[in-house]
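2 protein chains.
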Amino acid sequence: MDEATFLKTYDKRKFDTPLISVDSTLFTYHDHQLKVLLVKRSNHPDLDLWGLPGGFIDMQQDKSIRDTVLRKLEEKTKVIPPYVEQLQCVGDANRDKRGWSVTVCFSALIAHQDCEVGIADVSDAAWVAVDTLKDQTLAFDHQAIITVALERLRQKALYSIVPAYALPEQFTLPELQQLHEVLIGKTIQKKSFRRRIEQAELLEDTGEKRYEGGRPAALYKMKEASGEYTFVRNLEG
Amino acid sequence: MDEATFLKTYDKRKFDTPLISVDSTLFTYHDHQLKVLLVKRSNHPDLDLWGLPGGFIDMQQDKSIRDTVLRKLEEKTKVIPPYVEQLQCVGDANRDKRGWSVTVCFSALIAHQDCEVGIADVSDAAWVAVDTLKDQTLAFDHQAIITVALERLRQKALYSIVPAYALPEQFTLPELQQLHEVLIGKTIQKKSFRRRIEQAELLEDTGEKRYEGGRPAALYKMKEASGEYTFVRNLEG
Chain Z
1 MDEATFLKTY
11 DKRKFDTPLI
21 SVDSTLFTYH
31 DHQLKVLLVK
41 RSNHPDLDLW
51 GLPGGFIDMQ
61 QDKSIRDTVL
71 RKLEEKTKVI
81 PPYVEQLQCV
91 GDANRDKRGW
101 SVTVCFSALI
111 AHQDCEVGIA
121 DVSDAAWVAV
131 DTLKDQTLAF
141 DHQAIITVAL
151 ERLRQKALYS
161 IVPAYALPEQ
171 FTLPELQQLH
181 EVLIGKTIQK
191 KSFRRRIEQA
201 ELLEDTGEKR
211 YEGGRPAALY
221 KMKEASGEYT
231 FVRNLEG
Chain X
1 MDEATFLKTY
11 DKRKFDTPLI
21 SVDSTLFTYH
31 DHQLKVLLVK
41 RSNHPDLDLW
51 GLPGGFIDMQ
61 QDKSIRDTVL
71 RKLEEKTKVI
81 PPYVEQLQCV
91 GDANRDKRGW
101 SVTVCFSALI
111 AHQDCEVGIA
121 DVSDAAWVAV
131 DTLKDQTLAF
141 DHQAIITVAL
151 ERLRQKALYS
161 IVPAYALPEQ
171 FTLPELQQLH
181 EVLIGKTIQK
191 KSFRRRIEQA
201 ELLEDTGEKR
211 YEGGRPAALY
221 KMKEASGEYT
231 FVRNLEG
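If you're matching them up, the sequences are chains Z and X in order. Take the first sequence: its letters are residues 1 to 237, numbered as in full-length UniProt numbering. Take the second sequence: its letters are residues 1 to 237, numbered as in full-length UniProt numbering.
Treat the hints with care, as some may be off.
Chain copies aren't distinguished; within one or between two, either way the pair holds.
[As the list claims (entries may be wrong)] Okay, derived cross-link-like pairs now, SDA-like style, lysine to any residue, Cα gap no bigger than 25 Å in a straight line: (1) 8 x 232; (2) 14 x 67; (3) 8 x 51; (4) 14 x 101; (5) 12 x 67; (6) 63 x 138; (7) 63 x 193; (8) 191 x 232; (9) 78 x 138; (10) 40 x 9; (11) 40 x 2; (12) 12 x 97; (13) 221 x 98; (14) 97 x 204; (15) 8 x 93; (16) 40 x 11; (17) 40 x 3; (18) 14 x 56; (19) 221 x 202; (20) 40 x 79; (21) 97 x 17; (22) 191 x 208; (23) 134 x 82; (24) 63 x 143; (25) 63 x 191; (26) 12 x 93; (27) 12 x 42; (28) 63 x 147; (29) 8 x 43; (30) 14 x 218.
Source of the hints: derived by calculation from the structure; they are not laboratory data.
Using the sequences and the hints, build the whole thing.
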């Protein structure tokens with residue numbers, strides 16, 4: 001049989017396959033807290049439990065897994081986050097009561113102000129402080145997925161300024177430092193943090209200032225491609 | 001409807017889903033070259049092209065995606081590699097002629113001597129030097145997957161001694177350094193490399209020696225958990 005004939009007669013439904021979905025851990029930084037977007041499940045299984053925004057691939061609408069992820073996030077937040085990265089894939093016989101299931105997990109960041117309007121419209125979506133999650137029962141294995149996403153974001157906070165995507169487009173250096181400190185769980189030396197970021201030329205001074213506690217703080221924004229920059233030595237040191 | 005009734009009547013075959021497979025990039029270091037295991041495809045599509053070892057999830061045999069990966073690697077090499085890590089998931093409408101397809105890619109390392117016997121038995125499997133791959137047409141998007149796996153391994157070579165899993169259990173420091181140099185594409189200072197690894201206490205001196213060019217070189221092996229160690233500053237510097 002040649003390939004054309006093979007493809008014409010190929011019936012994938014002859015083979016039993018796992019369920020396949022996507023799930024996103026969308027983080028933001030607000031009120032000095034790292035928060036994650038949760039949605040309340042409106043279908044079985046795990047009906048009424050809170051979990052990550054996600055769902056099944058729509059092979060007509062979606063050209064790639066990333067399309068599925070963005071479509072599902074936009075349904076909940078009305079916007080496309082500026083940072084979306086694949087995290088990991090989890091697949092086994094037990095994570096979903098419906099049977100063998102694979103989910104491709106993504107991690108995303110957005111400024112709180114850029115999607116609070118979108119979320120206020122959706123009664124089943126909420127920003128939840130990461131610190132308050134531990135004792136909550138979430139749908140499926142979403143608690144474990146958030147733990148992995150958080151650990152990855154911590155690593156990013158040590159070696160890059162990727163966390164800046166969870167801030168508004170314009171931010172002050174103290175804001176960025178606070179976010180890094182929340183993620184790393186340690187205080188960073190102000191001078192050293194400022195110098196490291198200046199030396200790497202990652203930020204652009206917008207020329208504008210914000211007054212915090214009476215003192216003016218310069219407002220910066222990320223330069224293009226700054227999210228891809230990796231520090232040779234971590235920011236903690 | 002309650003959850004039990006929902007699950008009893010749930011028929012996943014009502015929903016059209018993508019194909020889902022796994023693919024592994026298994027590396028080794030041999031004859032001063034980094035090599036990758038390729039297998040010749042015995043089925044349509046892309047029949048007779050070389051590609052990565054992998055295949056579909058068997059929901060009866062495999063309890064998790066990792067089980068599928070190990071089963072497929074063992075089929076080809078007769079052994080389970082000491083290092084197997086999830087790399088990324090690729091899924092889109094065009095990567096497979098059979099239609100929308102998702103593949104979960106893993107990266108693995110093994111000592112050449114630990115699986116050459118296994119591979120010699122399999123006429124459709126071969127170690128191919130990474131440097132010679134560029135001009136070859138591989139099955140599906142496997143060329144692109146290998147590129148990503150290689151870049152990830154390069155990053156590991158900068159910040160860890162994970163590449164040591166591609167060496168025999170006992171190896172000399174010059175051997176490990178050469179492998180790191182091949183991966184990074186740069187010469188590393190011998191003194192600095194040795195000091196960094198000693199300071200991190202990653203290796204155990206076996207007390208045995210090998211004679212290379214007439215001079216004795218101490219044989220080391222990895223300590224447990226050494227693969228998880230990350231250097232704060234990369235090994236290049």
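Homo-oligomer pair classification [residue 218, residue 14; C-alpha up to 25 Å]
Answer is neither: 62 Å inside a copy and 57 Å across each miss the 25 Å cutoff.
With 25 Å as the alpha-carbon cut-off, assign the pair residue 40 and residue 79 to within, between, both or neither.
Result: close within a single copy only, 19 Å intra versus 45 Å inter.
With 25 Å as the alpha-carbon cut-off, assign the pair residue 221 and residue 98 to within, between, both or neither.
neither (46 Å within a copy, 45 Å between copies)
25 Å Cα cut-off: does residue 12 pair with residue 67 within a copy, between copies, both or neither?
both (23 Å within a copy, 22 Å between copies)
Residue 40 and residue 2: within-copy, between-copy, both or neither at 25 Å Cα:
between (49 Å within a copy, 17 Å between copies)
Within, between, both or neither: residue 12, residue 93 at alpha-carbon 25 Å:
both (20 Å within a copy, 15 Å between copies)
As a check of your reading, is residue 40 near residue 3 (CA-CA no more than 25 Å) within one copy, between copies, both or neither?
between (46 Å within a copy, 16 Å between copies)
Within a copy, between copies, both or neither: which one fits residue 63 and residue 143 at a CA-CA cutoff of 25 Å?
The answer is between: 21 Å across copies meets 25 Å, while 29 Å in one copy does not.
At 25 Å max between alpha carbons, let me know whether residue 8 reaches residue 43 within a copy, between copies, both or neither.
between (36 Å within a copy, 15 Å between copies)
Indicate which option fits the pair residue 63, residue 193 if close means a Cα-Cα distance not exceeding 25 Å: within, between, both or neither.
Neither: 41 Å inside a copy, 46 Å across copies.
What label fits residue 14 with residue 67 when the C-alpha limit is 25 Å: within, between, both, or neither?
between (27 Å within a copy, 22 Å between copies)
Within a copy, between copies, both or neither: where do residue 221 and residue 202 come within 25 Å Cα-Cα?
within (9 Å within a copy, 41 Å between copies)
Hint violations for this structure: numbers 1, 7, 13, 14, 23, 25, 30, all remaining hints satisfied.
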